[in-house]
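J.: Given only the sequences and the hints, what does the whole structure look like? Please build it.
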Amino acid sequence: MDKENLIKRISKDSGIKKKDCYDIFDKVIELITKNLKKGKNVSIENFGDFIIQREEMKIFIKKNKTRIIVPPKDVIVFESDKLLAEKLIAK
Amino acid sequence: MNKTKIKSAVSIEFALSIEKAGKMVDCIFKELAEGLIRNKSIKLQKFGKINLVSKKSPENVKLKSIAYIPSKKLARRVNNNFENLKKIKLALEERKELESNDKFDYKMSDEFLKQYRENKDEVLKIVLEDNDEPVKNSRIVIPDKLIKLHKEITEEESKEKDNLPG
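Sequences listed follow chains C and L, in order.
Take the first sequence: its position 15, counting from 1, is numbered 15 in the numbering used here, and each next residue is one higher.
Take the second sequence: its position 87, counting from 1, is numbered 87 in the numbering used here, and each next residue is one higher.
Careful, some of the hints might be misleading.
Claimed, not checked - Within a straight-line C-alpha distance of at most 20 Å, the following computed PhoX-like cross-link-like pairs (lysine-lysine) qualify:
| id | chain 1 | residue 1 | chain 2 | residue 2 |
| --- | --- | --- | --- | --- |
| 1 | C | 3 | L | 43 |
| 2 | C | 58 | L | 87 |
| 3 | L | 30 | L | 43 |
| 4 | C | 82 | L | 30 |
| 5 | L | 87 | C | 73 |
| 6 | C | 40 | C | 27 |
| 7 | C | 40 | L | 5 |
| 8 | C | 3 | C | 17 |
| 9 | C | 19 | C | 3 |
| 10 | L | 49 | C | 34 |
| 11 | L | 20 | L | 5 |
| 12 | L | 3 | L | 20 |
| 13 | C | 37 | L | 73 |
| 14 | C | 38 | L | 3 |
| 15 | C | 17 | C | 27 |
| 16 | L | 5 | L | 23 |
| 17 | C | 73 | C | 58 |
| 18 | L | 64 | C | 87 |
| 19 | C | 27 | L | 5 |
| 20 | C | 27 | C | 12 |
| 21 | C | 82 | L | 3 |
Quick caveat, the hints were computed from the structure, so don't treat them as lab data.
T.: Encoded structure:
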């Protein structure tokens with residue numbers, strides 16, 4: 001599903017002009033990304049949580065005795081709402 | 001940040017009543033969820049993709065789960081503390097005499113990890129101390145120091161290894 005379809009539906013559902021819908025939608029997405037960029041978690045009721053997790057540094061040792069050092073990494077993990085996940089997986 | 005904060009931010013930005021803004025935000029997430037259920041995936045520019053993926057459990061049973069793949073830019077920004085750090089390959093000399101090679105390696109790794117963590121926290125502390133948005137300018141500082149540390153410690157390791165019998 002892409003943005004245009006989504007906006008159409010939102011506009012229909014809320015009775016607000018398409019253009020305004022675009023602006024508000026963009027703002028909402030911007031708010032989420034801004035917070036994630038600052039390193040803050042975002043939790044949204046009935047949808048899911050965006051959580052920033054740190055993957056610790058790992059060291060692999062290969063059979064030929066080379067070691068590979070993988071540096072730590074911060075990643076975003078999405079934990080969807082349980083009900084939503086159930087609906088989605090059941091379908 | 002949570003939904004309430006998003007609602008109030010939207011209400012301020014667009015001069016809407018909190019009630020109206022709340023409805024609008026609820027509507028957006030409702031449609032997002034419904035769209036996800038209908039199409040099994042949502043793709044948004046500058047944000048990323050949420051879709052259904054199937055994984056195999058250790059017992060070889062197929063499992064479905066929801067995965068979020070952030071856009072490249074976003075992923076990079078979130079990871080900016082370690083962005084410039086790359087994988088490092090270290091070749092070790094073969095040592096047939098040391099049967100418990102792996103143990104030896106792990107021991108070194110623990111030490112390395114410890115030193116790394118200690119120093120990493122120190123570096124991060126300095127950068128995080130005086131600001132709200134630390135990361136912008138510190139992006140180069142942290143990784144450079146860490147990379148130096150990587151190298152220093154690994155060089156030490158290899159020197160120690162050379163001095164070992166065998």
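J.: Would you mind marking each hint as holding or not holding in the structure?
T.: Evaluated hints:
no.	hint	in the structure
1	3/C / 43/L	7 Å, holds
2	58/C / 87/L	10 Å, holds
3	30/L / 43/L	16 Å, holds
4	82/C / 30/L	15 Å, holds
5	87/L / 73/C	11 Å, holds
6	40/C / 27/C	17 Å, holds
7	40/C / 5/L	13 Å, holds
8	3/C / 17/C	15 Å, holds
9	19/C / 3/C	13 Å, holds
10	49/L / 34/C	17 Å, holds
11	20/L / 5/L	14 Å, holds
12	3/L / 20/L	14 Å, holds
13	37/C / 73/L	10 Å, holds
14	38/C / 3/L	17 Å, holds
15	17/C / 27/C	15 Å, holds
16	5/L / 23/L	13 Å, holds
17	73/C / 58/C	10 Å, holds
18	64/L / 87/C	12 Å, holds
19	27/C / 5/L	13 Å, holds
20	27/C / 12/C	19 Å, holds
21	82/C / 3/L	17 Å, holds
In the structure shown, no violation is registered for any of the earlier numbered hints.
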